[in-house]
Amino acid sequence: MGRTVDIEQTALPGIGLRHEFTTQSGKRVGVVSHRTGRRDLVIYDKDDPDRVCETVRLNDEEAEALVELLGAPRIVQRLNELHQQVEGLVSLQLPIPPGSPYVGRPMGDARVRTRTSASIVAVVRGGTVFASPGPAFVFAANDIVVVVGGADSTAEVADILARG
Amino acid sequence: MQHTAIVFLEFGAVLLGLGVLGAFALRVGISPIPLYLLAGLAFGTGGVVPLATSQEFISVGAELGVVLLLLTLGLEYSADELVTSLRGNATSGLVDLVLNAAPGAVCALLLGWGPVAAVAMAGVTYATSSGIAAKVLSDLGWLGNRETPTVLSLLVFEDLTMALYLPVLTALLAGLSLASGAATVGIALVTVSVVLVVALRYGRFIEAFVASPNSEVLLLKVVGLALLVAGLAQTLQVSAAVGAFLVGIALSGQLAHDTRTLLEPLRDLFAAVFFVFFGLQTDPAKILPVAGPAALLAFAGMITKLLTGAFAARRAGIAKAGQARAGIALIPRGEFNIVIAGLAVAAGAHPDLGPLAAAYVLILAAFGPLAAKLVQPLITAVARRA
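So the sequences go chain by chain: A and B.
Residue numbering for the first sequence follows this note's numbering, starting at 20 and increasing by one per position.
Residue numbering for the second sequence follows this note's numbering, starting at 2 and increasing by one per position.
These aren't lab readings, by the way, just hints derived from the structure by calculation.
Hints may be right or wrong, so weigh each one.
Derived PhoX-like pairs: lysine-lysine, alpha-carbon spacing no greater than 25 Å straight-line [to be verified]: (1) A:K65 / B:K321; (2) B:K374 / B:K321; (3) B:K321 / A:K46; (4) A:K65 / A:K46; (5) B:K136 / B:K321; (6) B:K136 / B:K374; (7) B:K287 / A:K65.
Per label pair, the in silico range of CB-to-CB distance [as the list claims (entries may be wrong)]: (8) B:G182 / A:H53: 38 to 48 Å; (9) B:S213 / A:T55: 14 to 24 Å; (10) A:D25 / B:P266: 40 to 50 Å; (11) A:H53 / B:S213: 23 to 33 Å; (12) B:S213 / A:R182: 43 to 53 Å; (13) B:A292 / A:G90: 55 to 65 Å; (14) B:G115 / A:D25: 48 to 58 Å.
The C-beta atom is built at its ideal place from N, Cα and C for all residues, glycine as well.
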């Protein structure tokens, strides 16, 4: 991976914020975040880099859908990178087996962090990633739980999820 | 007929007429402000249908309109944004002020209206309508453009300048002697600075007092507070409008957003009444004689805003096409200019000042957005060829 994306943030007084960056292929894209919650996805003109040539207006739901489409594979990928980068930190993708006591129960019931000090950072269900799920998040069979922590504590989590 | 009945009939007919005009403006894609002004001209002194009975009611409504206009304008910005844009864009802001105040002042002096009218006319030609400009930027899809932050910062700078300018103008118009005038201006400046500091440091306390989950309570508290401060400001000769503006600035974040949503319908109603009222006071027969100077002034106003936009955008590292767009976005004049002219007219300035300002705003409020729409493809084509 290597190259980080330089995101430029600009305040738009009275309107909101604008974030923009240039892709590796030289296209400039940005997002205008209105205070009202409206989001505009904007693409800049190649001939006049100051000008937006395409504006896609998104409401809350549409913006969220786009984030999921673009973000899902990235989160898992980033976790794997994290795994490689930090010595002693392990990220595991643990399945919830159909026989697990936590199927249909909220995540808070498993008290994973209290018992093992590892953290559940995401749950993948059928290709959709639920990033940083709260204690009220209800597990389903065959969910993939992404856990981050030490080697011992993540192994304990695997135990808990399988047997309770 | 009964007095109340006549007031309702007249006022209802005016509002209904404005609604129809607004629908037309929407379809054509222009700001309704020039149409409201025209409606006021048609109704008022020397107009087609003089309104005799409801004028007093409309005049109070107009005052409310100014307070609500300024309150919602203040709500647009947080105190932080004001300070940041003041720091970053002071030079461009000053260029904007000098270039665009000059034509009005010079015009008033050439016409022999005297120094006070010159100060008022300077304000009339100076301020861009942030409402119309923001709408132009949004409608044409320019919000994401790289020159847009520069344009918005200039608008913020102008609005802040107004907070200092209006008290000065109010004091001058009151015809106070030099000493007491200076004292009033001093009081005004101190008040404005104190309120700004309070808003920056202790804004959250005001917010804590005003905040309420119930929209009815919130509405009453905010409007009540704004009117109280506006009245207080007026008593201190600081101008009611500035008081309301400062209350708007003191509120920020989610609270400001909620309040703005609540106030918008109310503001739209009374702001429309305000524009009509200004038109009512203006004799349409007087517009024709000042049409020449007004057209010249409007032309000068376009050139100076184009120069301002080009200067500010160039400083921000924007290319030629973007510089032109920045200038065009700044052309529309509107509510503030009429507020200023309204103050001057109410204080008994030269009788031609009202008609001149009305014609000036009529031209630039209508032409500004139109120019932007027409010129956009041209700029793009030129930029593509270069």
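Results for each hint:
At roughly 15 Å between alpha-carbon atoms, K65 (chain A) and K321 (chain B) fall within 25 Å of each other, so this suggested pair holds. A distance of roughly 18 Å separates the Cα atoms of K374 (chain B) and K321 (chain B); the hinted pair therefore holds under the 25 Å criterion. Under the criterion of a C-alpha separation no larger than 25 Å, the hint pairing K321 (chain B) with K46 (chain A) is consistent with the structure, at around 20 Å. Between K65 (chain A) and K46 (chain A), the direct Cα distance comes to roughly 7 Å. Compliance with the 25 Å bound is thereby established for this hinted pair.
The straight-line distance between the Cα atoms of K136 (chain B) and K321 (chain B) is roughly 23 Å, inside the 25 Å bound, and the hint therefore holds. Among the hinted pairs, K136 (chain B) with K374 (chain B) is consistent with the structure: their alpha-carbon atoms are about 12 Å apart, no more than 25 Å. Straight-line distance between C-alpha atoms of K287 (chain B) and K65 (chain A) comes to about 51 Å, which puts the hinted pair past the 25 Å bound. Take G182 (chain B) and H53 (chain A): their Cβ atoms lie about 43 Å apart, and the range 38 to 48 Å holds.
A C-beta distance of roughly 21 Å is found between S213 (chain B) and T55 (chain A), which places it inside the suggested range of 14 to 24 Å. About 43 Å separates the C-beta atoms of D25 (chain A) and P266 (chain B), a value consistent with the hinted range of 40 to 50 Å. Checked against the hint of 23 to 33 Å, the C-beta distance between H53 (chain A) and S213 (chain B) comes to roughly 25 Å, which is consistent with it. Taking 43 to 53 Å as the suggested C-beta distance range, the pair S213 (chain B) and R182 (chain A) conforms, at roughly 51 Å.
A hinted range of 55 to 65 Å for the beta carbons of A292 (chain B) and G90 (chain A) is consistent with their spacing of about 59 Å. Under the hint 48 to 58 Å, the C-beta atoms of G115 (chain B) and D25 (chain A), about 56 Å apart, fit the expected range.
Checked against the numbered hints listed earlier, the structure breaks hint 7 alone; every other hint is satisfied.
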